Structures are given as structure tokens and as C-alpha cells.
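Student: Here are the chains, one letter per residue:
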Amino acid sequence: MSPERTPLFLARRSYRRRRLADAARVLPLIGGVLICLPLLWKGSPVSGGTVQALIYIFGLWMVLILASAIVSRHLRLDESDREDWIARDDGAAEE
Amino acid sequence: MTVLNLLILVCLLYVVLLFAVAFAADRAARLGRGSWLRSSVVYTLSLSIYCTAWTFYGAVGFAARSGLEFVTIYLGPTLVMVGWWWTLRRLVRVGRSQRITSIADLISSRYGKSNLLAVLVTVLAVVATTPYIALQLQSVTLSFAAFAATDPEATTLPDMQSTALWVAVGLALFTILFGTRNLDANERHHGVVMAIALEAVVKLFALLAVGVFVVWGLSGGIGPTLDRIETSPIARFDVSGSRWVGLTLLSAMAFLTLPRMFQVLVVENEADEHLRTAAWAFPTYLMLMSLFVVPIAVVGLDMMPNGANPDLFVLTLPLMEGRDGLAILSFLGGFSSATSMVIVAAIALSTMVSNHVVMPLWLHYSGMAAVVSGDVRTVALMARRLSIAGVLFLGYVYFRLSGGGTALAAIGLIAFVGVAQFLPALMGGLFWRGATRTGALAGLVLGAAVWLYCLFLPSFGPSAILPQTVFDHGLWGQSWLRPRALFGAEGMDPVIHALMWSMLLNISAFILGSLLSFPRPLERLQGAQFVNSLDNPGTPGGWSGGMAQSEDLLIMAQRIMGAREAQTLFSAAAQRQGVAGYLPEPSPDFLQELERALAGSVGAATAHAMVGQIVGGAAVSVEDLMAVADETAQIMEYSSQLEAKSQELARTARQLRQANETLTQISVQKDGFLSQISHELRTPMTSIRAFSEILRDTQDLTPEEQNKYAAIIHDETVRLTRLLDDLLDLSVLENGQVELNIQTGTLKALLDRSVRAAGGDGNGFRIRRTRASEQVELTTDLDRLAQVFINLISNARKYCDAKPAVLTIRATISDGQLVVDFVDNGSGIPTDKHAVIFEKFSRIGQTKASGAGLGLAICREIMERLGGDISYLPGQEGAAFRVTLPLAPGRMAAA
Numbered sequence: 001m002s003p004e005r006t007p008l009f010l011a012r013r014s015y016r017r018r019r020l021a022d023a024a025r026v027l028p029l030i031g032g033v034l035i036c037l038p039l040l041w042k043g044s045p046v047s048g049g050t051v052q053a054l055i056y057i058f059g060l061w062m063v064l065i066l067a068s069a070i071v072s073r074h075l076r077l078d079e080s081d082r083e084d085w086i087a088r089d090d091g092a093a094e095e
Numbered sequence: 001m002t003v004l005n006l007l008i009l010v011c012l013l014y015v016v017l018l019f020a021v022a023f024a025a026d027r028a029a030r031l032g033r034g035s036w037l038r039s040s041v042v043y044t045l046s047l048s049i050y051c052t053a054w055t056f057y058g059a060v061g062f063a064a065r066s067g068l069e070f071v072t073i074y075l076g077p078t079l080v081m082v083g084w085w086w087t088l089r090r091l092v093r094v095g096r097s098q099r100i101t102s103i104a105d106l107i108s109s110r111y112g113k114s115n116l117l118a119v120l121v122t123v124l125a126v127v128a129t130t131p132y133i134a135l136q137l138q139s140v141t142l143s144f145a146a147f148a149a150t151d152p153e154a155t156t157l158p159d160m161q162s163t164a165l166w167v168a169v170g171l172a173l174f175t176i177l178f179g180t181r182n183l184d185a186n187e188r189h190h191g192v193v194m195a196i197a198l199e200a201v202v203k204l205f206a207l208l209a210v211g212v213f214v215v216w217g218l219s220g221g222i223g224p225t226l227d228r229i230e231t232s233p234i235a236r237f238d239v240s241g242s243r244w245v246g247l248t249l250l251s252a253m254a255f256l257t258l259p260r261m262f263q264v265l266v267v268e269n270e271a272d273e274h275l276r277t278a279a280w281a282f283p284t285y286l287m288l289m290s291l292f293v294v295p296i297a298v299v300g301l302d303m304m305p306n307g308a309n310p311d312l313f314v315l316t317l318p319l320m321e322g323r324d325g326l327a328i329l330s331f332l333g334g335f336s337s338a339t340s341m342v343i344v345a346a347i348a349l350s351t352m353v354s355n356h357v358v359m360p361l362w363l364h365y366s367g368m369a370a371v372v373s374g375d376v377r378t379v380a381l382m383a384r385r386l387s388i389a390g391v392l393f394l395g396y397v398y399f400r401l402s403g404g405g406t407a408l409a410a411i412g413l414i415a416f417v418g419v420a421q422f423l424p425a426l427m428g429g430l431f432w433r434g435a436t437r438t439g440a441l442a443g444l445v446l447g448a449a450v451w452l453y454c455l456f457l458p459s460f461g462p463s464a465i466l467p468q469t470v471f472d473h474g475l476w477g478q479s480w481l482r483p484r485a486l487f488g489a490e491g492m493d494p495v496i497h498a499l500m501w502s503m504l505l506n507i508s509a510f511i512l513g514s515l516l517s518f519p520r521p522l523e524r525l526q527g528a529q530f531v532n533s534l535d536n537p538g539t540p541g542g543w544s545g546g547m548a549q550s551e552d553l554l555i556m557a558q559r560i561m562g563a564r565e566a567q568t569l570f571s572a573a574a575q576r577q578g579v580a581g582y583l584p585e586p587s588p589d590f591l592q593e594l595e596r597a598l599a600g601s602v603g604a605a606t607a608h609a610m611v612g613q614i615v616g617g618a619a620v621s622v623e624d625l626m627a628v629a630d631e632t633a634q635i636m637e638y639s640s641q642l643e644a645k646s647q648e649l650a651r652t653a654r655q656l657r658q659a660n661e662t663l664t665q666i667s668v669q670k671d672g673f674l675s676q677i678s679h680e681l682r683t684p685m686t687s688i689r690a691f692s693e694i695l696r697d698t699q700d701l702t703p704e705e706q707n708k709y710a711a712i713i714h715d716e717t718v719r720l721t722r723l724l725d726d727l728l729d730l731s732v733l734e735n736g737q738v739e740l741n742i743q744t745g746t747l748k749a750l751l752d753r754s755v756r757a758a759g760g761d762g763n764g765f766r767i768r769r770t771r772a773s774e775q776v777e778l779t780t781d782l783d784r785l786a787q788v789f790i791n792l793i794s795n796a797r798k799y800c801d802a803k804p805a806v807l808t809i810r811a812t813i814s815d816g817q818l819v820v821d822f823v824d825n826g827s828g829i830p831t832d833k834h835a836v837i838f839e840k841f842s843r844i845g846q847t848k849a850s851g852a853g854l855g856l857a858i859c860r861e862i863m864e865r866l867g868g869d870i871s872y873l874p875g876q877e878g879a880a881f882r883v884t885l886p887l888a889p890g891r892m893a894a895a
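Chain order of the listed sequences is A and B.
Residues 1 to 95 in the working numbering are what the first sequence lists, from first letter to last.
Residues 1 to 895 in the working numbering are what the second sequence lists, from first letter to last.
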């Protein structure tokens, strides 16, 4: 728990897991930005219609769902909290 | 049969189905067969109560008025679910480890178990939710009226008010029946959750069916539908940027703070695993719900006559096309959306009202006497039931007063802004250790005030509550205080305006209040536990026990949690501490555990007060705070290891001490017994010798005298034999040489036989039994078991000193075990004797001695041979013994 106990470098498996957790954190932020994208099209004569926005929003929605499914599937909750510093065994320094 | 009658019939059948499903799910859960009830799918479906009738009907209306903007209401929650790793994971962990019962409970618990905060949150939640419930009632009555209007044979339109009343009464009944089964709000309401999961499927299916009908049936496919959108009044994508962003944020915030969402998201959550599935499954649900909204709105605008209510297109489009079946399905969808929301909202609110308002008041006015007063459980359950009825009644009254007008239609977003005021205190409490009670209070009060003044009160229209002059010139003529243009912010959308100012002021007051105030020790302790919830599940507790009386605590716990649950908790804790029986030592760890368990029933603040009352003040020691401080984390590591070691040593020492004590007592008793047994053997021997000498030496005895003396000799030998039999029996049992004679019979017959053999009722001794619960089939050595029962009954007859003596025999089944309690109303057995009564030769109270003190020892040996147990049950009105016996599964005779 204390900072001294956390190793600087991690094994490959736990490294993956950490980056996956990062992905899980960043996903809603990316989603939030992308949701606001149609606001920039307002008034544009080529892509200003409800139909375009409709297709874009629902497409984005599906992509978010897919991404969330992939990330969540690989993120196992209890291990990721702890394994980070248990998995020092193979001593691989990869970060 | 007219369509309207058919609709009523289908609706009634649907309600019956819902009751049946809830009942079956509750039953399955009770019988332990409901593992699928706790699946991730059911959890995800239960989240769908986010989609109320406001979604089902209102989304189309929203889209018809302002195009694609409606979708923000569903994008916000999607982002929250997708980002579960940030917030929901923490929230759910804290909810489970602190046994949180509602959002008011969580906020109160985080800020030092402050009941003031809980009351504030409760009041705000009730104010924000009541109109929302009214909105659901309105949607059901409106959709009903839409049916009635198209029915040519219906001569009189059904009365709107009475429809709403019937719906409200039905909902109250359902919620009370299935929502208050158990007191512990942490125990899942399986019946309710299952019913709303079913309703989730129905409403999704109904909306998709209408959508498919509209796109392929009325418009002729996807392409033509898109063309139709191009030429519709909402073809231009001209949403306002502030509303688009603001509403997305608002719905995300409300998703976390709506009391009903908190209930299904956090309180009913059983495993982190559920979140992983819901993270993608719930956004999918939301997307499917929104998929056909724009097509339905466009087709409705195109085909329906001018002035038709777009909020009802989902229903009126199929009706106009003569698709009565589809219309009825659509009605059921809307009905499901409305009812599931109301049910869960009523449960969530009633938990808050009863735990944070009614219970504290009741405890206060009953003299804060948790120990001596009556059953708290019934009071709490009654409070919750009355609260449910009260909440629904308020909703109905609001519906009547507002007249079902347009004021209601806007209430969805208004309620969202209201509950969003909880967010700073909630998130601040989870992520910032420096957040204090003062800050939370200041933020909540200010935010709620701005919401009331800028959004809620004006929503009733000018001059309804706020006079027109306030709208035009501001409060007290201060133009910067105009409710729609606070601080001169002119021309903003009212919802966004209120959201911006209330959140800005709320957050500022929250931060400023936290920075300027100093938290109490309990707040700091709770703060650390909440913020570090993911790293370390628990820090040392805050109770300094020792003065506490375990038996008092047990009595209190029994009254709140129910006897069985409390006894399980206490005996498990005692076992962990290495103490036999039901009374663990009141260590700080145990008190903390007990407090959390109680909090599951009555909320954190009340539980804290109740434990405090018995233990005598909660002391947060310097060590506790040290443990919290980051700087000492390193030292903590070592000291906690040391502590674990020393605890283990203490436990071993305690066990040794206990063993030693028992040995010494047994040794004393053995000495006593030897003299006793010599005496017991000598007395009959003396009389046998004396009378046989008389028979031998006296010549002229009459036959009567001879008979009399022979009879005395005979009686005395019988007594001797019995004593020796007992000793032999015991030694056979102890050496394990006994042969069990396995038979099958009912408990009732066995008890009947035992009562008869022990001398039956009467002569100032009454036996009270519940024969209905005794219809249990047993397969065991019935004769041996009867021997135990006879012994317990005759003990009560011999030793119970009450006039009239009453022995209560209670049989229950729990966890596949038959539990039979024998409780009398005498003065019981003193605590210090509990450890020895089952030892050989032990006799409590040497007064009315007529046995050798072997009965209970034999009972214990028999129960051990039968695979069960017999123990003394403390905390009852008199002496109480509990016999437990494992039942083979499925041994319940039809009862």
C-alpha cells in the first residue's frame, strides 16, 4: 500500500492489465468528446441534417458499446487491484 | 368485447403475472434455488428503470419537438456505464462494505454518520421524486384515455382521477408486499427485481415492435424512412450547444444520484462482476430504446392530425392504423415503464424516510431505550410500509393538484437537476478525504435552494407560487435575483440556467466549507475508509468496548435483525474469537461488525446511536486516527502484523483459560459427585439391607407387611438400576459404541410422545407449541431424540420457578437444519454457569435435587451421535435450550 512497496516495473501480464485499466478510464472521456462532435456541423450545408447526426450518433453508440465490452471482458476486478505488486516474480522490466 | 374492455382484461392479467413472477422469485430465493436471480443479466435489466414512462412516451414527444436532442438523456448514462472503472466500481464497493441502504445513508455515513445530512437528502429526494411519480400516474391515465377516445362503443370516458387512484393503490400494494419482506435493505428484493426485469423486457419489446411497425409497416423500409426524416419539420440539426452538453452531463449526474437508480445500481448490487456485464449491456439497452424514437416521431408528425399529442404517438399510431394488438402491447410497455419506476422509487424513498426520519424520532420519543423497548423490527417495517403508502399518496395528490397539465411534462428534467445536487457531496466524499460535513451541508443547502428558486417553483408557472413581480424584477426588487436570470444571466434555457448556477454554487460552497471547517474524528475515519475503499477494505473500528454487555447487545440485535440472524452473527463472531456459545467478547472489531450489520436494517446513523447507547459512547482513539494517516502507513503494516499475532495469542490464551476453568469446575464437581453418588448409592442400599433383614429375621409377619417391605426393596433396586443405567448409558455414548436405530417419523408425533412421557401439561405447568411448524419429517434415531426432548421438558417442569410455568417449544428450519428451541419463563441459568451445565455431574442450584446431574450430559452425547447439537441459548426470557439436527434435503412434509 505504501509507495515504497509498489515496484517500478511490471511483468507483461500485469502491464497489460494496467494499460487496460487506463483504457477503461479514458473511454468515457473520448466518448464525451465524440458525442459533442455533431455540434461543429451546425449550419454546415453539406452535413447539417438530422439524418447524418442520427447515423453518426448511433454508430458512435455501437462503437462505444463494443469498446466497453472488450475492455470490461478483459478487466478482472479483484486481481487488477492487487496483482500489480504481487506479480514481481519473473522480474521482467518492460515499462 | 370492446377494445377498452380487452385492454382492461389484458392489463389485469399482466398485473397478476407480475405478482406471480415476484412471488415465485421470492420463493425460489428463500428456498436457496435462485442463483440465476443474481445473474448479471437480471442486474442489467433492473437498471432499465432509468427508462420510465417519460422515456417510453416522452422521448418521442421530445424528438417531435426538438429533434435529436432527446438522445442526450441516454448518452449521459451510457458514458457513466462505460466509465464504470472510475466511479461505479468505487461506489459499489463502498456500498457493500459499509452496508449502505440508500443515497441518504451513504452521504450521512461518509460525513460522520450525520443524521442531519441524511434528513436533508431525504427531504430533497422526496420533493424531487414526488412529481416524477405523479408523472408516471399521468402517463398511465393519459394512455388509458387515448384508448377510450378511439373506442366508439365506450359511451362514458373513464374518470382519469379514479384510474390514477387505482394504479396508485395497486402499486402501493405490490411494493409493500414484495418490497418490505425483509428489514435489511441490503438483502435483495428478489421478487421486485425479477418483476422489474420482466417489465424491462416488455417495454423494450413493445417499443421495438412499434418501431418495426412504423419503419417497415408504415414507411416501407429504412431508406424511405430516412427520406421521410429529411423532409420532416425536424430535418435540420439545430440543437443548442449548451443544451446538448448540459443535458448529457445532467443525465449522467442524475443516473448516479436518482434514489431509484442508486437503489438498483448500488444497494441491489451483489458482485462487481455484474458491473462488467452492465458496462456494455446497459448502453445496448439504452441504444435499442432510442433507436426508433426519431422515426416514430417523424411518422407521427406526418400522419397524425395537427394538434395530436406527440407524447402519445407510440400508442396512437398503431391505434389509428387499427392495429389493436400492437396498441395493447404498446400500452403494456408504457404501463411497465411507469410501474417499475414507481415501485423502486417508493422502496428507495421509504427506506430513506423510515431510516432517517421515522426511526430516529421513534427512538428519541421512546426514551432512546433500545434495550428495553419492544420489537424494533416491527416498528421499522411498519414505518417503511407507511412511508411507501405515504410516498404514493403524495404522488397521487400532486397529480390531482397539478391537474395532469403540461407542468408535469417538464418535471423529468427538473427532478434531474434536483437530485444532481447530491453529486458534489457524493463524489467529493468518494474521492477527496478533505471533504467535511460542513462542506457537504453548505453545498447541499445552497444547491437545493437555487434549484427550488430557479427551477422547481417557477415550473408551476407565473403567479402560482412565485408572484409575477419576482419573475420580472427579482426577489425584493433586486433584478440580479430574477429566477430565470440569476446574476444577470439572461436568455439562457431555464434548465441549463438552473443547472449551471446550482452546481456552481453547490460545488463552491462544498469546497469552501470543507476547506474552512475541521472534521470530527469519526468523519475523518469514515472519510479515509471511503476514499481508500479500493485499497484496504477496513481500518480498525471506533468502539472502545469492554464495558459493553454482550447479552444486552444480543437482545438489541435480536429486536432489530430478528432472532435467527442475530444469533448467527453472534455465534460466528464468538467462534472467530475462540469462545464457545453465543456471546462473543465485545471487542472493537466485533462492535464495528455489529454496527454495520445493524446499519443494513436501520441506516448508519441510527445503528451508530443504538450501539453507542449500550457501549456507552463512541470513542475514536488516537490510534485509530494514526492508522488513518498516510504517514504512518508503514508503521501500520508492522504493527498490524504484530497485532494479528498478539490477537492470536490472546485468543489461544482465552481458549486455554476457558478450558482450565472448565477443568477446575469439573474437578470440583467430580469430588462433589463422588460423595453425592456414594450417598445416592448408600441410601437405597441401607433401606434394602434393613428391610431384607426384617424379612429374614422376623417370624410373624403378616402377608401385607411382607408385601410392603418387598415392594420397598423392589423400588429401591429400581432406583439403583436407573442410576447405574444412566451411568452406563453415558459411558456407552461417550465411547461411541452405541448402535443407532434409524426410523422415520414426524417431529410433531415425536414431541407429542415426549410431552406425554415427561408428564404432560397441567398442575401449573403449561407447554406452548406451534403445531403447524412441526410437520417436519425426520429420519434419525427417534428414541434417542425423544430421550433428549423428554429430558429438556422434565427439566423445565422440575426447575422452572415461575408461576405458572410456561415452556415454549418452537421448531424452525434454517439452512437445512431443524432447530427446536425449548424456552421457559423462569429465572434462567446464570451466565457463569453456561459453560458447565452440559458437563457430567453438574447440577445447578442444589435445592430440588433429584437427579445425579447426568441428564444434559447424556443429551449432549446423544445429539453429537445424531450429528446435531444442543446448546444453551442466552438472551431469552428464561432458561432456553436449542437442539439442532441436520435434515437431509427435501425432508419437509407437505405443510
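Simulated from the structure, these hints should not be mistaken for laboratory data.
The structure presented is a predicted model; accordingly, all values stated were derived computationally and were not measured.
One or more of the hints may lead you astray.
Said to hold, decoys possible - Now the stretches of chain A that chain B is said to cover, found in silico as 3 or more residues with beta-carbon under 8 Å: (1) 15 to 28; (2) 32 to 40; (3) 49 to 55; (4) 59 to 68.
Stated by the list, open to error - Chain A is nowhere near these chain B residues, computed Cβ spacing over 12 Å in every case: (5) 20; (6) 146; (7) 239; (8) 279; (9) 306; (10) 423; (11) 460; (12) 467; (13) 587; (14) 835.
Think of the CB as a built atom: it goes at the ideal place given N, C-alpha and C, for glycine as much as any other residue.
Student: Please go over all the hints and tell whether each is borne out by the structure.
Tutor: Results for each hint:
1. 15 to 28: holds (count 5)
2. 32 to 40: With 5 residues closer than 8 Å to chain B, the segment 32 to 40 of chain A meets the three-residue bar; holds.
3. 49 to 55: holds (count 6)
4. 59 to 68: As far as the segment 59 to 68 of chain A goes, the hint holds, because 7 residues have Cβ atoms under 8 Å from chain B.
5. 20: holds (34 Å)
6. 146: Its Cβ never comes within 12 Å of chain A, the nearest being 27 Å, so this holds.
7. 239: violated (7 Å)
8. 279: violated (4 Å)
9. 306: The claim holds: residue 306 (chain B) sits with its nearest Cβ about 21 Å from chain A, beyond 12 Å.
10. 423: holds (15 Å)
11. 460: Residue 460 (chain B) clear of chain A: closest Cβ-Cβ about 32 Å, beyond 12 Å.
12. 467: Residue 467 (chain B) clear of chain A: closest Cβ-Cβ about 38 Å, beyond 12 Å.
13. 587: holds (24 Å)
14. 835: holds (41 Å)
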